[in-house]
Amino acid sequence: MLRQRARGPVLVLLALLWATLPVAPTLVSTSTVAYAVEPDEMLKDPKLEARARKISQNLRCLVCQNESIDESNAPLAKDLRILLRERLKAGDTDEEAVQYLVDRYGEYVLLKPRFAIHTLILWLGPFLVLAMGLIAAGIYLRRRMQASRQALASEAPLSEEERKRLGELLEKDVATRDGA
Amino acid sequence: MIIELGHFALVLALAVALYQTVVPLYGAHRNDARLMALAVPAAFVQFLLVSFAFAALVHAYVHSDFSVLNVWQNSHSAKPFIYKITGTWANHEGSMLLWVFILSLFTLAVAAFSGNLPLSLKARVLGVQGSISSAFLLYIVTVSSPFVRIPPDRVPLEGQGMNPLLQDPALAMHPPMLYAGYVGFSVAFAFAIAALMEGRVDSAWGRWVRPWTLAAWTFLTAGIALGSWWAYYELGWGGWWFWDPVENASFMPWLAGTALLHSAIVVEKRNALKTWTVLLALIAFSFSLIGTFLVRSGVLSSVHAFAVDPERGTFILAILAFFIGGSLFLYAIRANTLKIEGRFDPISREGALLLNNVLLSAATAAVFIGTLFPLIYEAVTGGGKITVGAPYFNLTFGTLIIPLLVILPVGPLLPWKRGNVKAVLGRLKGALVLTVLAFALSLTLLDASVRAAFGIALGVWVVAGALEEWAGRVMLFRAPLKVVFKRIASMPGSMWAMTLAHAGLGVVVLGIVMSTAWKQERITALQPGGKVQIAGFEVVYKGTRKATGPNYLAEQGLFEIYRDGRKVAEEISEKRTFLGRRGMPTTEVALMHYALGDLYIAIGDQTKMGRTVRVYFQPMIQLLWFGALLMVFGGFIGLLDRRFRVGVAERTESRLVAQPAE
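Protein sequence lines correspond, in order, to chains A and B.
The opening residue of the first sequence carries number 1016 in our numbering; numbering runs sequentially from there.
The opening residue of the second sequence carries number 5 in our numbering; numbering runs sequentially from there.
Hints are computed from structural coordinates only; laboratory data are not their basis.
Note that the structure is a prediction, hence the values are computed from the model and not measured.
Wrong hints could be hidden among the right ones.
[Unchecked claim] Rough simulated footprint, nothing fancy, chain B against chain A, three-plus residues with beta-carbon under 8 Å:
1. 1079 to 1085
2. 1123 to 1129
[Unchecked claim] Quick partial rundown of chain A residues pointing at chain B, CB under 8 Å, derived from the structure:
3. R1075
4. I1132
5. L1135
6. L1137
7. M1160
8. S1163
9. A1168
Don't be surprised by glycine CBs; every beta carbon is placed ideally from N, CA and C.
One chain only, chain B, in its complex shape (with noise of 0.2 Å):
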C-alpha cells in the first residue's frame, strides 16, 4: 500500500513540478507578482510529494518487501541494515528518485532562502529548476519506475542481493553526494539561465550564484573524494584514480564547477566576465546531466548499450537534447544583450582568474573528448574500436594542468585590475625558497627521479604558496602578535576557504607524486609461515580461515607484521563471497596506516605454489585524502562566510570611506 502511495505522490509531484515550471515563468513574463509568487509554495509541496515517495521506497527496502521488483532485483534479506537503506539508490531506478529528491530538497533551499532576490529572478530559477524536476519526474514515471509490484502469486521469498562491491561505508555516502554535487550545479543553471530571460547580469547575480556553486563543489569534492578512497581499499589493486568513464564523468562537471566558482568571484567583485561566467554556469550543469545519466545507461562501455534498453535511452538522449541544446540555444541567442563591462590588464588577478579558467577548459576538454572519443570513433567507423585509457589521459591532462598549480599561487597575491608579478613572487619569497629546497632534497637524499622530484616541488610551492599568502594577510611576523589574532579572528570565511582548498590542492598533488614515486610491492605465491620483506616491515602469511559473515562467506588470510624484530599487528585480509545470485568473491585488504605510509595487503587465488599475496607500500598515499579534506573544510567554511547569508548587506570599513568618492 505504502508504495501506491509513493507512486501516486511521485505522479502528483510531476503534476506539481509542471505547474513550478510554467506559472512562475509565465508570470515574470506577464510581470505578474501573484503569479510568481506561486513559485514558493509550489517548491514546498514538491518537496513533500518526492520525498513521500522516495521514504516509500527506503521503506520498501528497510522491510524487505520482495514483492516490490526494484528491491527484489537489488536486496537481500540477509543484508545489514544500513546497506538496505544504502540499496535504495544503488540501482538505476532509486538513484534516479534520489537525484529527483536531492533537487526538490535544493529547490525548497533556494525557495526559502532567497529572501532577498529580486522576485522576477526568484520566480525564473524556481521555474527552470521546476522544468528540469518535470523532465526527470517523467522519466521515472514512464521509464524507470521503481514502483513496479511483482504479481502476488508469484512473490519471491529472497531477493537477488546487492552487487557486493557497493556494500560498503563509504560507497554508501559516495552517491548521495556527489548527486548533491550534480544537483548543486543546477542552482548555478537555472541562475544562468533566468540571467538570461532578464538580459542582467551584475555583481548581486554573481554573489548569489556563488554559495549555490561553491555548495555543490563542496558535495561533489567530497564524493569524488569517497569514490576513490573506496576504489583505493575496496578494489584491491591498491589504485585510486583509473580514469575509467565512470570516474570522468564525476570530473567533468568538478573541473567545469572549479572554473565557475573562480569566474564567479570575477563577477561578482568586478562585474566582467559575465557572459563568459553564464557560459560555464550552463556547462558545468550540462555535464553532471551528461555523468548522471552515462553512468548507468551503459553507453560508456559501447554505442551498442544504447540498444538493450531504446526506451530509456531515447528518453535520455531527450532530456540531454533538451537542457543543454536548449540551454546553449538561449544562450547564443541572448548573451549578447549582457551588457561587456569592467576593465583590467592582463597581469592582474582577474587576468589571472581568465588564465585559471582557459587552462581548466582545456583540462575537462582533454578529459571529455578522451572519454567520448571511443564512441564517436565507433559510430563513425561504423564499429571500429579504439581505446583510450590512462596513458592517454596522463600525458594530456597532466601536461594541462601543470601550469594552473604553477600560477596558483601567484594569483591570489596580484592585486584586482593591474598587477606586477615581480612585486608578487617578491611576496612569495619563502615558498620559493621551499621549493627550491624541496627538488633539491627530494633529488638528493629522498633518491627520486627528477620528475617526480618536479612533482614534489610543484606540490610544495602550492602549499607554502597558500600559506604566505594567508601568512602576509594576517601579517604573521610583521605586526604584533595581538593584531595577527584580530586579524586571523577576522579573516572572512571565504579566505579561510581559499586558502584552505589551495593548501588541500597541494597536499593532494604531494600525496599522488610520492605513493606514485616511491610505491613498492611484492607478488608472491606464499605457503603458510612465508614471509616478505617491504620498506623495513616483515610480512609473515600464517594461513587461511574460513568465515561467514552476515551475508557472504569469508576466506581470510591471516597476517602477522613485524618491524625491527618486533611483532607490530595481526592483520586479516579477506577474500568474501556473497549470498545471492551475485556470486563474485570482493576483497577487503589489510589496510595498515604508518607515518610515512600505508601497508596494503591483498590475497589472491591458492595456487599449486601456495597463496597468492600481494603486499605494497604506499608513501604518504594518506595526503591525498587529507588534502581532499582539508579541500572539502574549506568549502564548508566558505559556506559560513557571512557576506553569503541572506540579507547581509556586504558593507565594510572601507568601502564607507570610500564611498563618498562617488
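Chain A extracted, bound-state conformation (with noise of 0.2 Å):
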C-alpha cells in the first residue's frame, strides 16, 4: 500500500527533471559575452554583428588553447573574425558561413563537435552513464527491498509480553521527550 502511494509523487518528480532537460544547456551558456573583438573589426549592422558574435563564439581560434576566436587576441583569430564577418556581408545564412571555415579548417575549428558516428560516444556517453546510474540502483533497490519483505515474512508477530513492553518503551520515550 505504502508502495503505490509513493508512486504518485515519483512520476511527478520524474515529469519535473525530464521537463527541465530542454532548458539546460542555456543556463550557462555565455550568448553575450565577448572578449577580444576590436573595435575596428566590427560591423555597421548591429544584427549582423550579433551574427558575427554568436558563431564566432563556437569557432576555435586554431593557434590557442582552448579559445573561441570570439576571446583570443591571437592573429590568426582576428583573420578568422574578419573572413567570417565577410562571408555574412556576402550573405552567407550561419550554416553556410560556417560550413566554409569548416572546409578550409576542418571540424577541428569547432568547438561543439557535431553528433555523428565519430562523436557517438562524446555525445552520447555522459547520457549512457546517467541511464546505467538509474537502471544499477534500480536493481539495487529492488533486490533490498524484496529482501527486506521476505525479512518481514519470516518474522515472528510480536508475542502479547512484546506488545506490552513496546508500549512501555514508547511511552518512556515520549515522556522523556516532553521533558526536554
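Once you've looked at the hints, go ahead and assemble the two chains, each given alone in its own frame, into the complex.
Here it is, written out as C-alpha cells:
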C-alpha cells in the first residue's frame, strides 16, 4: 500500500526532471559575452554583428589553447573574425558561413563537435552513464526491498508480552522527549 | 650546501616511505602488533625529512640561489618576497615536491588523530599512504628533481623569471589549496584500500572517512574558487570558467568527492551503499592523480606533448596505471567480500542520496569524456584533430546538473528508510512560493528571458529550500524564541555544514545565471577624453601613462567613473610587461564592486583609432564567490562537529532511550 502511495510523487518528480532538460544548456551559455573583438572589426549593421559574435563564440582559435576566436587576441583569430564577417556581409547564412570555415580548416575549428558517428561516444556517453546508473540503482533498490519483504515475512509477529514492553518503551520515549 | 642536504633528505624520505609501506602492511598481514605500530613513527620521520627538503627549496628561492637550475629557470631576484616563496611551486618540479609535502602532512595527521582506529586498519591506511608517497618520491628523485645544480663556472647572475600571470596573491594560494584537496582524497583512498584488504566496511568506517573527505572537499572547493576568481580579474576577459582541460582536471575530483561526501553519510548512518562508497573513494583519488599529472605534463593539449619528455611521461603513466588499475583490480576481486546490508525505499533519504550520486557520476562522466575525447580521437584516428569546447560542456553538464539542483532541497527533508515526497513538499511551502515568485518577477519586472528566469528560480529554490529546512529544524516561528535559540546553539556542526553548503551552491547558481543573463559590454577605441556609457555609469578615459613596478614595466590607462553626473571613482587599468625572458604582457583590470554588480575595465593595444578599451558590467557576479565562500565556510564548520572528533563516542539522549529496544 505504501508503495502505491509513493508512486504518484515519483512520477511528478520524474516529469519535472524531464521537463527541465531542454532548458539546461542555455543556463550556463554565454551568449552575450565578448572578449577580444576589436572595435575596428565590428560590422556597422548591429544585427549582422550580433550574428557574427554568436557564431564566433563557437569557433576555435586554431593556434590557441581552448579559446574561441571571439576571446582570443591571436592574429589568426582576428583574421578568422574578419573572414567570418566578410562571409556574412556577402549574404551567407550562419550555416553556410560556418561550413565555409570548416571546409578550409576542418572540423577542428568547431568548439562544439557535430553529432555524427565518430562523436557518438562523446555525445551519448554521459547519458549512457546516467541510464546505467539509474538502472543499477533500480536493481539495487529492488533487491533491497525484496530482501526486506522476505525478512518481514519470516519474522514472527510480536507476542503479547513484547507488545506490552514496546508500549511501555514508547511511552517512556514520549515522556523523555516532552520533558526535555 | 642546504640544497644538497635537502636532496639527501628527500632520498632518505623515499627509504622511509618504502619502509612505511612494507612493514605495517606485512605486520597487518601477519597480525603482528609490533610491526603495525611502526607505521606511526615512520610517518613522523617521513614528515620531518620531506618538510626539510621542501624548506631547503624554499630557502633557495627566497635567497635567489641561481646555481640551482630550477630556481634559475623560474625566479628573478627583483621579484617581491611573497612571489619568491610561491615561485617554489609555480613550476613542475617544485609543485611535485609541494604535493609530497602536503601528503606527508596528511599522513602525519592520520597517524596523530586516529588513536581510536583499530590497529590493523590504521597500519593499513598508513601503509597505503606510504606507497603513494614512495611513488611520488621515486618520481621526484629519479626524473623530476628540483635540486639539480648548474656547474659553478656557469652560474648565471640573474634568473629567467616566473610566469607573470602567476605573480598574484590568489594564484599564490591556489596550488596549495588544490593540492590539499587532491591529497586529502588519498586518505579516503587509503581507507578504501584498507577496507578491501580487511574485507570489512561498517558504520564506523563511514564515520572515520567522512571528516577526511570533508577536509579534502573543503580545500578543493577553496582552491577551485580561488582559481576562477583569479581568472576573472587577471585574464582580462571577464570570464571565470572556460571548461579548460586544466580546470576540468580539478573539477572531476571535486565532483567525485562531492558524491563521496554524500554516499559516506549513508554508510555511517544506515550501513548501506558500502561497496559503491568504496569505489567512489578510489575514483575520487584516481581523478586527483589524473588531475595532478595531466595538468603539468602537457598531454592534454596534444598526445605529442608526451613524446617531448618520454622519461617523465612513461613514469607518470606507470604511476597512474599502478594506483588506478591496481586499486580497481583489488576492488574487482575483493568487493564481494563486503557484506551488503541496509534496506530502504526509493523515496527516502538514502534514495535521494543515491540519486544524487547517479547524477553526479553522470555529470563527472560528461566532464571526463569531453576532456579526454580529443586525446582518444587523436590516438585512434592517427592524428585526427577534434575540439571539444565550452558549448559541449554547457550542454551536457548543464543538462545533468539541473535535476540535481531540483531534488537538492527535497533530499535532506526526507526521513531515512521510507519517506513521502508530498509531505516534504508541504514542508517546503515557503521555498516553493518564493521560487514561483522569483520566476514571475524576473520574467516581468526584470525583463529576463524564460531561460534566465528559470535559472534564477532554480537558484532561489536551492537557497530557500536550504533555509527552510534549517528553519524547520530549529522550529523557527513555531516554538518560543528560547527554544529556538537552544536548538540553534545545539545544532551539530555537520548540519550547519549542510545548510551552508547547500545554500552556498544556490547562491553560486544565482551568481552564474544573473551575471550571464544581464552582462553588458562596450568595446571601443577611445581617444583621451572619450566616454563610454554602461549600466548607468559613465566611464571617461583620461589617457595612458608609463609606470615601473618592482619587476615590471606598465602602461596605465587612467579612468574616471561618473554616476548621475557625480564622480564616484578614479581607476587605473594596467598592462604589465615583466622583466626576464618571459616577456608576454599581462592585464591588471580596473575592477569596482557595486551593490548590483562589478564594473570591469581592461585596456588593450593602441590603434590608429585610439586605445582599445573593454568595459563590462557583470551583474551580481560576486554572488558566485560569495556562494563558494559559504560552501568553504560550511566545510570548516562541519569539521568542527564534535562527533567527528577523535575519541568522542556518539551518544545522544534519544539513542540511549532507544537502546533497550534491541
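These are the hints, each one checked on the structure:
no.	hint	result
1	1079 to 1085	holds (count 4)
2	1123 to 1129	holds (count 6)
3	R1075	5 Å, holds
4	I1132	12 Å, violated
5	L1135	11 Å, violated
6	L1137	5 Å, holds
7	M1160	7 Å, holds
8	S1163	4 Å, holds
9	A1168	13 Å, violated
In this structure, the earlier hints numbered 4, 5 and 9 are contradicted, and the remaining ones agree with it.
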